[in-house]
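Modelling step: build the complete structure from the supplied sequences, incorporating the hints.
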Amino acid sequence: MTDFGLACPIPLSDYPTVTLAHGGGGRLMNHLIERMFMAAFRNPHLDRRHDGAVFETGGGRLAITTDSYVVRPLFFPGGDIGSLAVHGTVNDLAMCGARPLHLTVALILEEGLPMDTLWRVTQSLAEAARACEVSIVAGDTKVVDRGKGDGLYLNTSGIGILEHALDIRPASVRPGDVVLVSGDLGRHGMAVMAVRAGLEFESEIESDSAPLSRVVQALLRRNLEIHCLRDLTRGGLASALNEIAATARVGVTLDEAEVPVREDVRGACEVLGLDPLYVANEGRFVVFLPEREAEVALEILRAHEVCREARRVGFVHEDPQPPVTLLTTMGVHRVVDMLSGEQLPRIC
Amino acid sequence: MKYVDEYREKRPAQRLAEEIARSVTRPWTIMEVCGGQTHAIVKNGLDQLLPPEITLVHGPGCPVCVTPVELIDKAIAIASRPEAILCSFGDMLRVPGSSRDLFAAKSSGADVRIVYSPLVALQVARDNPGREVVFFAVGFETTAPANALAVYQARNEKLSNFSLLVSHVLVPPAMEAILSSPGNRVQGFLAAGHVCTVMGASEYELIASRHQVPIVITGFEPVDILAGILMCVRQLESRCSRVENQYSRVVRQEGNPRAQEIIREVFRVTDRKWRGIGEIPRSGLGLSDEYAEFDAERRFNLGDTSVEESAECLSGLVLQGLKKPSECPAFGTRCTPEHPLGATMVSSEGACAAYYRYRR
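Sequence order for the protein chains is E and Y.
For the first sequence, position 217 matches number 217 in the numbering used here, and the numbering has no gaps at all.
For the second sequence, position 120 matches number 120 in the numbering used here, and the numbering has no gaps at all.
Where hints are given, some of them may not hold.
[To be verified] Example chain E residues on the side facing chain Y (calculated, C-beta under 8 Å, incomplete):
hint, residue
1, Val18
2, Gly267
3, Arg308
FYI, nobody ran anything at the bench for these hints, they're computed from the structure.
Don't be surprised by glycine CBs; every beta carbon is placed ideally from N, CA and C.
Laid out in structure tokens, this is it:
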């Protein structure tokens with residue numbers, strides 16, 4: 001057994017306990033993953049730093065991934081924890097370039113959860129799985145004491161098959177690539193936050209939660225030279241680009257004027273003092289591919305309802321420091337940093 | 001987005017920058033008072049659009065940054081009591097106290113809740129009659145009316161389990177303190193537009209005439225800030241020292257009388273310690289005698305303590321416009337958002353946070 005007390009790679013003097021920021025998708029979470037989990041589990045699959053692992057079998061390549069869902073409220077405008085748990089894992093498989101095949105679902109239920117709520121979530125899981133053409137092939141159920149869970153937590157793991165020869169991962173990104181984003185940003189984060197904060201806007205902001213496997217399959221069928229795909233969940237576009245740029249040792253420059261954010265989401269972000277570049281999405285991804293293929297890729301993306309607003313937002317260059325910069329609408333460049341933890345609403 | 005997009009357009013911003021360059025004949029140092037303005041300047045690179053003669057220095061207008069470390073410690077002490085629920089704006093949770101921050105207190109079991117308004121904290125008090133609910137009332141004149149209203153309502157409802165931990169500060173005394181300090185280099189001010197929305201312009205006229213300094217009440221978008229700088233430069237070049245209102249779409253001369261009324265009803269002006277700067281006379285608000293029972297410091301019988309700050313942290317100098325964050329030897333090395341030495345590194349309005357996030 002490793003003596004964690006002595007060898008813990010995150011000095012206790014820094015963070016003697018886990019804080020919420022360690023799950024915020026920012027730098028602190030990155031430290032936790034890099035210094036604790038990567039150090040403990042190191043292997044070539046994890047070294048790829050992708051949304052899932054791709055491994056060889058006798059007959060070809062498979063992808064595997066897992067994700068847990070602790071969203072509150074369980075039902076939010078545009079989705080619920082059930083559909084989210086299917087979309088999230090299906091999307092992680094899609095980002096590996098895989099066609100999703102099977103999912104497992106583990107449920108952690110809190111004593112006292114209304115059976116009707118559980119039934120609604122179960123139906124939502126089933127319906128989302130049908131829509132994504134995956135089957136839920138194994139599962140697990142645990143019940144914890146009242147007060148020890150937020151109603152219900154879900155975990156889904158998934159397996160998918162790769163039907164192409166591409167090596168889709170951050171390290172494949174190279175200078176000359178363009179960055180495409182599949183749609184407007186920040187909807188899921190703001191939809192959930194608006195409900196949690198009791199904020200009311202003129203129109204309700206709906207989560208963008210959606211499966212992306214079909215559109216990714218469409219990109220792959222056209223034999224485009226895709227270098228990397230990444231869904232923009234916690235930490236938003238800014239965090240995803242920072243992670244990819246750091247792994248690929250390249251720089252990414254974004255054009256602020258091209259980053260699509262819907263009016264109501266911008267308004268909500270303004271009210272709370274949040275930057276949509278860091279707000280979570282559940283149905284958006286970025287594509288890195290050579291510039292010459294950008295137009296074809298955009299055409300394919302826009303042909304799918306979930307990617308109607310797909311745009312070219314930036315490009316990859318050789319200078320890795322700082323990893324991500326933004327050409328502002330004012331015409332000057334600034335750094336797009338990775339945040340420490342989650343964004344916090346400001347005072348005034 | 002109306003009232004936002006037209007103030008973020010490149011062309012009017014460029015025209016203003018060119019006009020500033022044409023108007024300026026010698027070096028001037030201008031302070032933007034509000035941390036929100038500082039962030040807009042650094043985020044949009046507005047200083048890079050200005051001629052070299054103009055130096056912008058960043059002011060003390062970040063309420064999170066100037067909240068004394070002793071009050072953070074008190075907030076942690078209150079939150080750590082089993083009967084207490086501490087409600088706070090999210091911004092305060094990462095601010096270092098003398099040994100830890102509210103996030104750390106939360107992770108070791110303190111009931112700390114992020115709220116978006118003091119009225120939500122009031123609701124928490126209604127929903128939890130068996131608990132003591134304390135709202136961490138931080139901010140300038142901007143947040144004072146809503147915080148005052150929460151206490152006012154609590155008293156009307158005879159809600160006995162609600163109180164405020166007050167750390168309210170006022171902008172004009174801080175501007176006076178900066179102008180009166182021996183090392184001052186500020187020659188003109190961009191005053192904080194939203195503070196003036198509440199308080200009006202009259203307080204600033206006294207400062208402008210007493211210190212012979214132009215003060216331009218300025219908004220927060222790029223075009224606002226550049227227009228404010230142009231108005232300030234024109235005054236400086238023609239040796240004027242008036243109060244002007246760039247942010248007239250929001251700020252009225254008399255401010256918001258109803259908001260002022262509720263502030264006067266609930267609060268009284270007190271001396272206040274500013275983190276990194278020291279005590280400034282009559283620079284804060286405390287609960288008036290009539291509302292003293294809602295004072296959390298009194299309710300929890302928290303004595304006065306004094307805490308030594310990190311000698312390495314230059315945030316006091318940064319907040320007075322005497323140093324830029326990048327001039328601090330600890331910036332980005334021993335002081336980062338993960339390991340802040342001072343509040344300016346973690347507040348969303350802090351100058352050090354702006355430089356760290358947008359400039360490294």
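For each hint given before, does the structure comply? Return the numbers of the non-compliant ones in rising order. Per hint list: single violation, 3.
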